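When you get a sec, could you build the whole thing from the sequences and use the hints?
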Amino acid sequence: MTLESPRGPAARWNRWRPLLRLAARDAARHRARTALASLLVSLPVAALIAGTSLTESGPPARETALAGVPDGAQAVVTATAVHRTGEPFPQLPEGAPGPWADDTEQMPATPEEVAAHLPAENRLLPYWNSPELLATTGIDLEPGEEAPAGAHVVEGIDLAGVATVRMTEAGGEALDLLLPEPAEGAAPADAAEVVVTSALADRLDLGVGDAVTFVAPPFNGWFGVDGRIGDAVQDSQRAFRVSGVVTDAEPRAWAHDTWVSRLAEADPRGIDRRWLVVGPAPVTWEQARALNPLQAFAVSRHVLTDGYPDRADLYPVPVDPRQVLLGAVSVALTAALGAMLVLFLVTPAFAVSTDQARRTLGLAAATGAAPADLRRTITAQGLLVGLAGGVPGAALGAGLAFAADLVLARMRRADPGVIDPGVHFSWWVFPAAIGVAVLLGVLATLVPARTAARLQPVEALKDRPARRRRRGADRPAFRLLSAAAGPLLLAAAVAAGAASLALPVPERPQHLPPMGMPPGSGPILGLLVLTLGCAVAGLMLCVRSITISGARFAGRLPLAPRLALRDAADHRSRFLPAALAVLVTVCAASYLAVMAGSTTANEKNRTGEAVAGGRLVLGAEVPVGEEFDRLVLTDTIDALAGELPVVGHEPIHSPRSSGEVEAVYFGPLPPEGRACPADRYPDTAASIEVGAPLDCTGWERAYAPGMSTAWWGGSSGFVLTGDALRASGLPGAEEAARVLDSGGVVVNSAAVLSADGTVRVALSSEALPTEDTAERVVELPGAFLRGFAAESSLSPETARELGITGLEYIAEYPVLSRELTHAELDRAREIVQGHTTLVRMAEPRHRYPWGYTQSLVPIALLAVLAVAAAAISLLLARTQSRRDFATMNAVGAAPRFLRRFAFTQAALVLAAGLPLGLVSGIALGAYRISWNRSVQVDGAWLDTVPLWGVQAVLALAVTTVGLAAATLAGRPPRRITRRAID
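Its first residue numbered 943, the sequence shown is counted upward by one per residue in the numbering used here.
Quick caveat, the hints were computed from the structure, so don't treat them as lab data. Since the structure is predicted, the reported quantities are computational estimates derived from the model, not experimental observations. For each residue, glycine too, the CB sits at the ideal point set by N, CA and C. Hints may contain errors.
What the hints assert, rightly or not - If you anchor each label on the Cβ, the simulated ranges turn out as follows: (1) A1038 / D1209: 21 to 31 Å; (2) E1569 / P1039: 37 to 47 Å; (3) E1739 / A1620: 35 to 45 Å; (4) P1235 / E1743: 49 to 59 Å; (5) P960 / P1258: 15 to 25 Å; (6) R1204 / L1119: 30 to 40 Å; (7) R1622 / L1119: 31 to 41 Å; (8) D1252 / E1569: 26 to 36 Å; (9) D1147 / E1047: 40 to 50 Å; (10) S1876 / A1620: 21 to 31 Å; (11) D1147 / A1634: 54 to 64 Å; (12) D1714 / V1471: 42 to 52 Å; (13) T1763 / R1392: 54 to 64 Å; (14) P1061 / V1471: 19 to 29 Å.
Laid out in structure tokens, this is it:
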């Protein structure tokens, strides 16, 4: 007769209740271990909370789009000036998928065409956005008065009384919906009044009732999201009376539709139109899609809140399979590192717990506890520790997110290139993080629980149980295989990685679903997973082999190292996880350092800049005319000279057509016989390395550096002096300046240099001269200046000789007596921003080898995590070795020896984990860069930059803090204590 055990929730709870009570008592008895284990759990939870809140670039896209629909409006409709080809505008429910190219001759959809696809009971209320305007109090116009303008209008005005502003115009009903509540004054009562923001009011010292004039400058040729609105309103001005002030950090204004709207409606070609949709009926997704053939799109409140379409109803997204595959590789690497990081951080706590509770578990087994009960005992500890670490970890993560946000906000004030995403918490993050903590606690107990379930009662009750030995473990062949297993698995990882790099990847873009994978990517990802698996197993076996081998050959070492090696070999359950925790955290930080350095190098190879090192360049924020722009820039340079070593300035010009002079544009042509075929272009390597073989590729992977500059005008060719080029601070500028002054041309692509060092230069009335459009081709001595913004540059004398007379003044180089420090560059930006809003300042985009300062934030966080993991793991191991210290102290061991023994234990953990972590992180980063290079997405990825300085700081920080923590923990007991095991 057999008795069936009771089943059901109550029975299961009855089995777990005593185990939870036993786990709680064990946690209370070993408070130090519990606190350290909870802290280890809280670290990844805090990283999850902080990372989730900061990696979002802002509020979710749906919330951002919804905030753009004013209260009281059903939708916002935009009719673009995109040429109608019969294909619909592929909008997202949140709006346009990206910038669109307006046609200067295209008429946007009319209100009647738009209304035909919307509910009949709704109405369209138009509004208009101005181009960037100049605001000034120095023009003698009465409020409501309008007059023609030009470059001469603001030339005699005190520059302190001029600022930039963007204005929204709308009718009375639409203006009420668009205008925020004024902090002072009231909404505009008529067409002569305007509401401004506090930023503009503070800049111009405006108050309610004051007069201000807005001036539309000459059109600079750049289109924005409103099409050619700048062309329609250029050279006009209108005065207003300030009726209210809205609190806002951006210079903006709101007025009735009487100026910008009238000029835009008089010449609507190429100008986007916008309406608010008001009325009782919601705008559905079907109605929004009906507008798309008109090259118009709608952002609807109803769609974003209640009627969001299914994926099948969305437009297909064109996806490059290489980009998808690269993203999958990134996710796989990140997930693998994250899983390893978490498990190896938390597992040591329960390995120590199992060893400390060995006698208790042995007694339980001797009195009839089943292996499953022993396993649940350790699992119950994981539940409690996971919960104890999850709650404070979530609070710590929120605090870290706010602290990081403050740091990034301070960085952004000094460097606009720094992205400050702000802190954005979703409601699910905190319960999810606590749930993850509990799950981590359970998963981290899997191996220790298995060990507990296999305990033999007699062995468990011994003070030092006999080590379980495998059959044949003493044979030389087994020893050799054990020692070689780790290196063999690492070799297998290298082979699998090389095989995955050799596999072909998809070539042509396809329409894929958002989570789709390109065809043929399965074998690649399979090899990637095999690579990571072999690497992890190999590293674990290498650490184990180092421990066993060190203990076997420790006989001739001093006493403290010998004892430390033998202790590590005898207690591998606590040594190996601690060493692996150091290994994985250091590996993750080292990997990020390689990625940051290599990404920065790749961006440098793809980006053309006007300056390098500690240099800067200034351009007009709103180009008005050469006299005014020169006055604004030189005035700002004078302000800089008051605090910085500025000794002069050099101008930059560029060809451009004007009303009086037709511009002659110039550009380099490839050498004869070395040109790429049609629709093929030189690759990056051939373009940035003189003498490199010419490899032609498609446009999406060709060398096409964008220009990082401080101005909006000009073309791809510069006209400047050799002294101006020297002021750029670019490497090689001195030699290039000599060629420029001697009548040569400076180019930013080595592929256009001929074997004898000359360059063929095309002259044309077209802005981008080619072999076909060239009206004349000349051959000039050439110099290659890597990374320069201009495709080609000539001196003023050479330009005149070639008939290039129509020039536009675009910028000024401040001439410095020495390069500025990073702090001085930050101070220069503060001076410019505090002096005027009319000037843009450009500095090197990548001051540091790791790019922007914010690139160090995740590396620093992982470094802190590595330091914390090392220190906590060592302290955790110290809680288990306390009885050994008490024994050694009781038999006369000197305090200095105890400290030396603890120091040696910590050094052994660091020696096993730190070098392997650095090597594996650098290897993983090099593998990832090799993968990027083979896929060729987002650049050529020519350089692998490990950032050796960052790697050295990482190693030094982990070593210093770990050894310091071990030294403090190695103090001898203050009194002799009993040798308690549990």
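Here's how the hints hold up against the structure:
1. Checking the proposed 21 to 31 Å range against A1038 and D1209 shows it holds: the Cβ atoms sit about 24 Å from each other.
2. Look at E1569 against P1039: about 42 Å separates their beta carbons, and that is inside 37 to 47 Å.
3. Here the CB-CB span from E1739 to A1620 is close to 36 Å, well matched to the stated 35 to 45 Å.
4. Roughly 53 Å separates the CB atoms of P1235 and E1743, a value that falls within the hinted 49 to 59 Å.
5. Taking 15 to 25 Å as the suggested C-beta distance range, the pair P960 and P1258 does not conform, at roughly 58 Å.
6. In this structure, R1204 and L1119 break the distance hint of 30 to 40 Å, their C-beta atoms being roughly 21 Å apart.
7. The hinted range of 31 to 41 Å is not satisfied by R1622 and L1119, whose Cβ atoms lie roughly 52 Å apart.
8. Look at D1252 against E1569: about 59 Å separates their beta carbons, and that is not inside 26 to 36 Å.
9. Checking the proposed 40 to 50 Å range against D1147 and E1047 shows it holds: the Cβ atoms sit about 44 Å from each other.
10. Checking the proposed 21 to 31 Å range against S1876 and A1620 shows it holds: the Cβ atoms sit about 26 Å from each other.
11. D1147 and A1634 have their C-beta atoms about 58 Å apart, which keeps the hinted 54 to 64 Å range intact.
12. Between D1714 and V1471 the beta carbon distance is about 50 Å. The supplied range of 42 to 52 Å therefore holds.
13. Hint check: T1763 to R1392, Cβ distance near 58 Å, so the stated range 54 to 64 Å holds.
14. The hint said 19 to 29 Å for the Cβ distance between P1061 and V1471, and at roughly 53 Å that hint is violated.
Hint check: violations occur at hints 5, 6, 7, 8 and 14; the rest are consistent with the structure.
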